[in-house]
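Undergrad: Residue strings, one per chain:
Protein chains: 4
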Amino acid sequence: MSDNRHNLKPEELAVLEMDPFFSSDLTVNYRDHMGNDEAIVEAMLVSTTDAAFTEPDHEAYLASFPGRLNFMMKHKHGSPFEQAALQFYVKAPIMVFREWHRHRIGFSYNEASARYKVMKPEFYIPSKNRPLVQEGKHSSAEFVPGSDEDHSIMWLNMMQAYTTQWMAYTNMIEHGVAKEVARAVLGVGLYSEMIVTLNPRSCMAFLSLRQHHADAAFVSRPQWEINQCANQMEEVFANLFPITHKLYVENGRQAP
Amino acid sequence: MSDNRHNLKPEELAVLEMDPFFSSDLTVNYRDHMGNDEAIVEAMLVSTTDAAFTEPDHEAYLASFPGRLNFMMKHKHGSPFEQAALQFYVKAPIMVFREWHRHRIGFSYNEASARYKVMKPEFYIPSKNRPLVQEGKHSSAEFVPGSDEDHSIMWLNMMQAYTTQWMAYTNMIEHGVAKEVARAVLGVGLYSEMIVTLNPRSCMAFLSLRQHHADAAFVSRPQWEINQCANQMEEVFANLFPITHKLYVENGRQAP
Amino acid sequence: MSDNRHNLKPEELAVLEMDPFFSSDLTVNYRDHMGNDEAIVEAMLVSTTDAAFTEPDHEAYLASFPGRLNFMMKHKHGSPFEQAALQFYVKAPIMVFREWHRHRIGFSYNEASARYKVMKPEFYIPSKNRPLVQEGKHSSAEFVPGSDEDHSIMWLNMMQAYTTQWMAYTNMIEHGVAKEVARAVLGVGLYSEMIVTLNPRSCMAFLSLRQHHADAAFVSRPQWEINQCANQMEEVFANLFPITHKLYVENGRQAP
Amino acid sequence: MSDNRHNLKPEELAVLEMDPFFSSDLTVNYRDHMGNDEAIVEAMLVSTTDAAFTEPDHEAYLASFPGRLNFMMKHKHGSPFEQAALQFYVKAPIMVFREWHRHRIGFSYNEASARYKVMKPEFYIPSKNRPLVQEGKHSSAEFVPGSDEDHSIMWLNMMQAYTTQWMAYTNMIEHGVAKEVARAVLGVGLYSEMIVTLNPRSCMAFLSLRQHHADAAFVSRPQWEINQCANQMEEVFANLFPITHKLYVENGRQAP
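Protein chains in written order, with our numbering: chain A, 1 to 256; chain B, 1001 to 1256; chain C, 2001 to 2256; chain D, 3001 to 3256.
Pairs of lysine-lysine, DSSO-like flavour, derived with a Cα cap of 27 Å:
1) Lys3009(D) to Lys3117(D)
2) Lys128(A) to Lys3117(D)
3) Lys3117(D) to Lys2074(C)
4) Lys1009(B) to Lys1120(B)
5) Lys1074(B) to Lys117(A)
6) Lys1117(B) to Lys2128(C)
7) Lys1076(B) to Lys9(A)
8) Lys3128(D) to Lys117(A)
9) Lys2076(C) to Lys76(A)
10) Lys117(A) to Lys9(A)
Keep in mind that the hints were calculated from the coordinates and are not lab data.
Bound-form chain A, shown alone (with noise of 0.2 Å):
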C-alpha cells in the first residue's frame, strides 16, 4: 500500500503517534454573547408600545422590566427570548455531539471534522461519581453508583477498546487508507469539540430536557454527561441573563 505520510501534515504526523489517553472532562467554556435582560424586554416593547425607544419615561419602563419578563415567560410569548445570544466551545465525547445535535432549531454548531483533520487519542471514561449501573426496565430506569470493582472492569475494558481502536486507525491511516474511512473504527467515547451559537429561548428549550430536577414541570431523564454539559451552559446563561433565568427557574424550568 502506498505510504500516505507524505499526503499528512506535520501536525497530523504529530498526533498519529501519540498514546492514546483517557478523560473524563466535559467541557462547555463560554466564548461571546449578545445582549441581557434589558434587551429582551426592550425587544418586546416593540410589541406592545412603540414608545419604547423615545418616551421620557424609559426609565420606568426598564424598572419594570422583572414583571414583565415574567408576563412573558408566563403566558409563552417566547419570541423575545430569541433577541440575544449565546456562544460556547464544547467538548465532549461524540456520544454526547449526537444527543445534542437533535437540537436542530436556534442552534447552529460547527464541529471537528473526521474528514479533513486526524483526531487525537483522546478518549472518555467517566469518572467515579457518574452512576454507573442501570437498575430496573428502561422505562423506569434508576442509575446507582458502581462499586470501586464496577469501576475497574468499565476502565480496563474502556482501555483496552480504545487502545486497539486508536492502533487500528493510525495503522491504516500510515497505510494510505482516507482518514474518512478509517475514522469507521473510533468509538462514540472519542472527544471532539464544536462551537455551538444560540439564543435564551432555545437555551432553555435545551436545559428544560438537558437536565433533570424533580422539582420541574416536566421531569426530564437525561443521559448524565449531557446533564453535566447542560449544567455548565446554565452557569453562563444565569449569570448573562439573571432575572431570565431565575424567572425560568421559578416557571417550572419550562422554556417560554
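Guided by the hints, dock chains B, C and D onto chain A, whose structure is given.
TA: Relative to the frame of chain A, chains B, C and D by itself:
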C-alpha cells in the same frame, strides 16, 4: 354601545386623536451584533485543527483568514457563517413584513401587536423614485417610473383609502370594538415595526433573494420596498463583516 | 397615465369589475395526509428495537401502541410525532395569516401573492357569535358579546372602509399602478388563501397556542379567528390520528 | 459487580451472545410519501390564481405544469416544493448519520437509541468499489481505488478493532454497566437505523450537497458513503416526482 375609552391607556387615547400621516420611509437600523470575520474563521478552525485556540502560530492562522473564508464560501461550508449575530430595528409597511416573515430559518422576530396596542396612523405612500408602473406580463414584468400624473393619482387614492380606514378604525375602538377586530380595516400599507435577529448566513440568504443585482449568479426580482430594506441591511453587514461581505459579492451573491 | 388594462389577463379584468362582498367564513379544508397513529409507533420502534419490521410478534407490538404513544407523549419524545404529514387549504383574512406565519418550525406555506394576481374583493366582517367587546386591561382582557347596535356600528364602519379601499385599489390598477403597490391600501381583513403542510408534532404545538381551553396545562388566549381555524384543524387531526389526539388532550394539550 | 442480566430482556441477551458481523451495505428504503408533481403545481396555483380549485380550465392548468414547475425551479420559488412529503428507512453506519443529522431544516429523524436498546454487532467495512486512498492535500483531495493489499490491511484492522470493542461492550453490560455508558467504545462504523421524513425541497438541498456531479452548478465533494445513500434517495425521488426531478437536474442540481 359601551364606551370603551375607560379601557384605554392615556397614550392610546392620544393615538386615536391623531390625524393620519404619510411617509415613504423604510428604516432598518442597527441595534446590536456579536462576532466578526475573525470569529467566523475561529469557529471554522475547530473543524480542521484543534490548534486553533492554543498554538503559537495562531497569528499565522488569522493572517490567512480571507483565504479560509473564501474556501468556505466557495465550497458551501455554511455552518461557520452562523456563528455570529446581527440585530436590527425595522420600521416598514405590513406588506414588507409579510414578505420578510417568510424567512423562517435563522431569523427571529418580535413585531408590534395590533392586539395589544392601538396602531399609530402612519401609512406608506411610495416616493417619486419608486418605479410605479408594471409593463409586460407578470413573469417577465419590468417596472418603470411613473409620471407626475401617475403619482398624483396614486397619492389621491391612497390618502383617501387610508383616511377612511383610519376613521373606521378609531370609530370602532371608541365604540368598544376590540382592537384586534377593528384593525381588520387597516391596510397592509400601515407601518409596523419589529426587532429582527439573524446571522451572517441567513443574512446572505435574505440578500440573495431580496436584492436585485443583474450580475448575481441568480438574478432575483424582489419587490422594490423590501429591496430598499435589504440594501440598508447589507450596508450594516458589510461594515461589521467586511471580508465575508466582499467574498459573498465576489462569489455571485450566493449564500454558502 | 398609461392605461394598464392591456397588461391584465381577462380573468383579472373580471375581478376588477366585481363589487366588494363580505363574509364571516373561516375555512380550513383537508387536502392530503401521510401516515397514521400506527406509523408513528412504527417510526418510534426503530429507537427501541430493531425487531419492529421483521419479527413474528409484530402484531403484539401494534396492539401495544396506545401505551407506547402515551409513553412518548408523557416523556416528550417528540420526534416520532414528526413522522407523518397533514396538508390543508386555508382561506381566512390576512390578519389570521399574519399570526399563523409566526409558526416557523414544521410548517410549510404557499400563499396567494398580491404581486402576481389581482386580489378578489372578499372582506372579513365578524359574525354575531364573535365576542366583540374587550373588557379589562389587555393582559387580563375578557371578550364579551357585542349588542346588535355594536354589530351595526362595526358593519357600517367596515363596509365603508373596505369599499373605499377596493375603489382605490381598482382605480390605481386600471391607471397602471403596479398591483404590488396598489395593494397597500387593502386591509388585513381581506381574504387570502394558502396551502399549509405540517406534521402531528407541529400541529399539536399550533393547537396548544391557538386554542383556548380552560382545562389545558397552559391556558392560551389566542385571537378568536385563529382559534376557529385551529378548531377545524383539530377535527381533521382527531380523525386521522385519533389515539395521538386523545392522548394530546389527556396530557393537558401540550405538544410533546 | 452485580450481574445485570436480570435487567435485560430476552432479545437483548440474545444480541449480547452474537458474534460481530461485517457489511458494506448502505440502505435507504422507501416507506411512504404524500403528493406528486401535480400536487406541487396545485399548491403553487394558490399564489397566482384562485381559479385553481374550481374553474373549468383546470385541465389546461395541469397540462401546463412542467412549464410551471420549471418557472418555480428557475426563479427559486421554493415553497411549493415543500407541499409534499417522502419517508425513508435508513440503515447505515453512525458516521453517515452524523453527517446526515446536520441537515436541520425540512428533516425529521427518529433513530435507534443506544440508551434504550442493546446495539447489534453489525459493523461497516467498505467494499472493493469504495475509493480507499486519498491523494493530495485535503482541500483538493482525490480518492482513488485501493489495491487488494490495501483492502486486506483495512479489513484486518477494522475486524480487530470492531471485535475488541464488541467484546468490551458486551462484557461491560453483562457486568452491569449501563448500556448508555458501555456504548462509548463502539465505533462510528457501527450500523444504526432511522426513519427520515423530508420534503421535495429539503430532498433537493440534501442531494445538491451529498452527491458529487461534475456537471452540477455547484460541484460538491461529499463522503462516498453518504453519496451512496443520496443516490438511493434520488432514485425514489425521481420515481415519485419525475418532472420535478428532471427539472432539478436540468437546472444544475440546485435546490430552489
